[in-house]
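Using full-length UniProt numbering, read the sequence shown as starting at 1 and increasing by one per residue.
These are calculated hints, taken from the structure and not from any lab test. Certain hints may be false.
Unchecked claim - SDA-like cross-link-like pairs, simulated, lysine to any residue; straight-line CA separation at most 20 Å:
(1) Lys48 - Asp91
(2) Lys79 - Val125
(3) Lys79 - Pro142
(4) Lys79 - Gln146
(5) Lys79 - Asp143
(6) Lys79 - Val111
(7) Lys79 - Ala53
Said to hold, decoys possible - Have a look at the derived ranges for each label pair, beta carbon to beta carbon:
(8) Thr138 - Ala69: 29 to 35 Å
(9) Leu49 - Ala139: 38 to 44 Å
(10) Cys126 - Ala53: 45 to 51 Å
Even glycine gets a Cβ: it sits at the ideal position worked out from N, Cα and C.
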Amino acid sequence: MPRSLSLLNEAEPSLRDAAINGKLRHDENGHSESERGVRCPFVIWYYKLSDPADWLRINTSNGEITTLATLDRESPDVKNNIYQATFLAADDGKPVPATGTGTLQIYLTDVNDNAPVLQPREAQVCERSRYGSRINLTATDPDADQSAGPFNFELPPYPPSVRRNWTITQFNGTLINE
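Model the full structure from these sequences, guided by the hints.
Right, dumping it as structure tokens:
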């Protein structure tokens, strides 16, 4: 007597790697990661679950992940230089469709793309302030340490009275009235 067999959906679809780690300069774009070559008797669809800055797109039929924008290491969505997104794979299995998730972590390296900012931006000194009056200057830069200092401080050449009346210590940027 002939019998028919049917395949039960006993396993969830899986992404090749449950976690994918990549490293990019934060000003690069156009990279992709896909889940090609996965063999499965069911049709699998891929979806984005979490992408805080909406920088990524996943192809729903083949799982290829591409960037939609230039990734920014200084974004509040990047934690400790790592941008993280989560994706879902779902099949059309019977009797019940199954799902699996995976996390993509992209380590963003820094480039020197920010100018230092002087703090305070302005300072006032009385015209008749005494000799030796000081103004402490600080420079900040959101770039990573290798691009964010040490800083050199310099007085402008014009007007000449600035250099005649003030000096600046290179060590910490203290302005001294002379």
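### Task
Please name the hints from earlier in the document that this structure breaks, with their numbers sorted from lowest to highest.
Number 2 - this is the single hint that the structure violates.
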